[in-house]
Amino acid sequence: MSITSSGQAYHNNLVGPVMRAGDLATAIIEAAKLDNPGKEVFVDDKRAYIRIHTEHEMVLYRETIEEELGRPFKMNDLEVDLSSFAGQIESGDNSVRFYFSKKV
Amino acid sequence: MALLNRMDWYDLARTTNWSPKYVTEDELFPPLMSGAFGLPQNAWEKYDEPYKQTYPEYVKVQRDKDAGAYSVKAALERSRIFENADPGWKSVMKAHYGAIARGEYAAASAEARMMRFSKAPGMRNMSTLGCLDEVRHGQMQLYFPHEHVSKDRQMDWAFKAYDTNEWGMIAARHFFDDIMMTRDAISVSIMLTFSFETGFTNMQFLGLAADAAEAGDHTFANLISSIQTDESRHAQIGGPALKVLIENGQKAEAQKRVDIAVWGAWKLFSVLTGPIMDYYTPLEHRKQSFKEFMEEWIVAQFERALTDMGLDLPWYWDIFLKDIAETHHGMHMGSYFWRPTVWWNPAAGVTPDERAWLEEKYPGWNDTWGQCWDVIIDNVVDGNMAMAYPETLPYVCNMCQLPILGTPGKKWNVKDYPLEYNGRLYHFGSEVDRWCFEQEPERYAGHLSIVDRFLAGMIQPMDLGGALAYMNLAPGECGDDAHNYAWAEVYRALRATKKAS
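First to last, the sequence lines map onto chains A and B. This note's numbering applies: residue 5 is where the first sequence begins, and numbers increase by one. This note's numbering applies: residue 250 is where the second sequence begins, and numbers increase by one.
Any given hint could be a false lead.
Claimed, not checked - The calculated lysine-lysine pairs, modelled on DSS-like cross-linking and capped at a C-alpha distance of 25 Å, are:
#1 B:492 - A:78
#2 B:610 - A:50
#3 A:106 - B:610
#4 B:500 - A:106
#5 A:106 - B:322
#6 A:50 - B:500
#7 B:536 - A:50
#8 A:50 - B:505
#9 A:107 - B:314
It is worth saying that the hints were derived from the structure and are not from the lab. Predicted, not measured: the structure shown is a model, and the values here were computed from it.
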């Protein structure tokens with residue numbers, strides 16, 4: 005691999021959580037699909053962590069995650085398995101948003 | 250009684266700035282500690298942390314995290330993972346715990362400085378939680394290795410390393426002291442939380458967790474990925490500070506701090522994380538190469554986020570992209586060759602199968618690093634062990650404190666980047682290391698590298714024994730080949746086959 009290919013990795017607009025594997029990650033994958041209609045959800049499972057990404061912006065709603073988990077869920081409980089994330093984050097009581105402000 | 254939603258009261262609850270009447274603002278927030286960049290309190294009140302958390306939520310979430318990490322440890326304690334692990338993997342654990350565990354306490358102190366001295370109320374709140382996070386990381390990463398201390402003396406370095414003058418620790422301390430122990434609150438938020446934690450900690454705590462999971466070490470994988478869930482929150486302390494600085498015309502100062510911290514982190518990871526991912530982790534358990542992890546976490550994720558915040562790619566971007574395929578191979582060869590001077594047993598990682606993997610991941614490896622390894626391998630196969638150990642000192646960079654190295658072979662390019670400052674001649678391993686030093690020479694000028702100390706007669710007697718004593722490496726702790734050279738058998742067999750034909 006050359007310098008060019010390393011440099012190419014920079015040119016992406018993927019945002020979204022990097023989760024520890026488990027039932028929450030599974031619920032987030034489903035919620036990402038439901039809460040971001042029309043967007044392709046990219047899932048990259050590295051066993052110890054799972055990248056769940058969409059282009060440019062991803063919103064996750066507390067209610068959707070709750071339905072997918074089948075149990076009550078507070079938005080900030082996401083942190084238990086949120087190891088990292090791509091893009092910027094905006095956290096609220098009932099949703100979390102990952103986004104880039106600029107496209108490359 | 251119904252509880253208010255967090256966002257109904259969060260902004261009010263963290264409005265904790267006031268106008269001091271009995272002291273001046275500079276006495277309440279000394280610029281040296283607060284790093285206000287000439288901005289008054291009210292400019293910092295615009296600081297809005299994007300990843301919000303309150304203390305009651307924090308306690309609940311952290312309790313859940315600890316319950317998870319400790320229960321996995323308890324469940325797997327009797328599975329003899331450590332006893333049965335490949336010696337290369339044990340070295341991964343030893344290097345990790347020694348280089349990191351005690352640094353977590355230092356990070357707690359840095360978080361505490363933001364907690365007290367930042368003029369931004371939101372930052373004070375988030376770093377209160379961040380400080381508790383770092384205490385957690387220190388405690389866990391001392392507690393988890395402790396069960397192995399009775400089985401292996403080198404595991405004791407999880408606690409011991411940080412207090413020693415072992416060369417790798419001098420380099421690690423030099424970097425961490427620079428970005429977090431000797432900087433004002435705002436600079437800490439930029440250099441430690443933003444530059445180091447949103448970027449590089451992912452390499453060590455998630456990239457390595459992926460390798461750990463493949464190696465079957467789920468206790469370790471679970472521990473370090475749990476730690477990273479704290480990091481992903483408190484790493485966000487720096488972002489809004491960058492935004493305030495950029496809005497107030499301080500982009501150049503912010504950019505400079507990011508560029509210094511990213512370069513220092515890169516150099517440290519090239520000696521710590523590069524070798525363990527590409528050489529120590531057993532071949533069948535390597536999830537990706539070090540370079541691929543760097544591309545994933547640093548190039549695609551961190552640098553992309555950095556420019557989204559309004560900063561530029563570092564001026565040394567092209568040098569960095571070239572180096573992520575090269576530097577760590579030299580660092581590995583150096584730490585293997587000088588193996589008595591580390592607290593773990595380096596795995597050579599150069600069997601024919603491993604070399605094929607290296608050649609695939611780093612085309613040209615055999616024509617460059619491979620040539621040097623051929624000589625080491627021949628000496629080991631011939632039983633010429635005296636030649637497989639060093640006789641001289643490496644040249645050490647006065648910025649990163651790591652050996653000055655280049656890529657061997659036809660394009661041999663090792664070069665010293667010297668600088669004379671106040672009558673003393675300094676040596677640097679790259680243009681970037683020298684640039685970092687030049688940004689604030691008086692900050693670094695008084696430091697002596699391990700080689701400077703040797704030449705100044707501070708290490709006596711001036712031989713390997715004296716050096717090991719200076720580094721606090723006792724017999725039984727000094728590193729040697731992780732597999733006791735068993736890997737050389739395949740080369741012995743190859744030579745025998747060749748002779749027979």
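Hint-by-hint comparison with the structure:
{"no.": "1", "hint": "B:492 - A:78", "in the structure": "violated, 29 Å"}
{"no.": "2", "hint": "B:610 - A:50", "in the structure": "holds, 18 Å"}
{"no.": "3", "hint": "A:106 - B:610", "in the structure": "violated, 32 Å"}
{"no.": "4", "hint": "B:500 - A:106", "in the structure": "holds, 18 Å"}
{"no.": "5", "hint": "A:106 - B:322", "in the structure": "violated, 43 Å"}
{"no.": "6", "hint": "A:50 - B:500", "in the structure": "violated, 36 Å"}
{"no.": "7", "hint": "B:536 - A:50", "in the structure": "holds, 8 Å"}
{"no.": "8", "hint": "A:50 - B:505", "in the structure": "violated, 34 Å"}
{"no.": "9", "hint": "A:107 - B:314", "in the structure": "violated, 35 Å"}
Going down the numbered hints, you'll see the structure goes against 1, 3, 5, 6, 8, 9, while the others check out.
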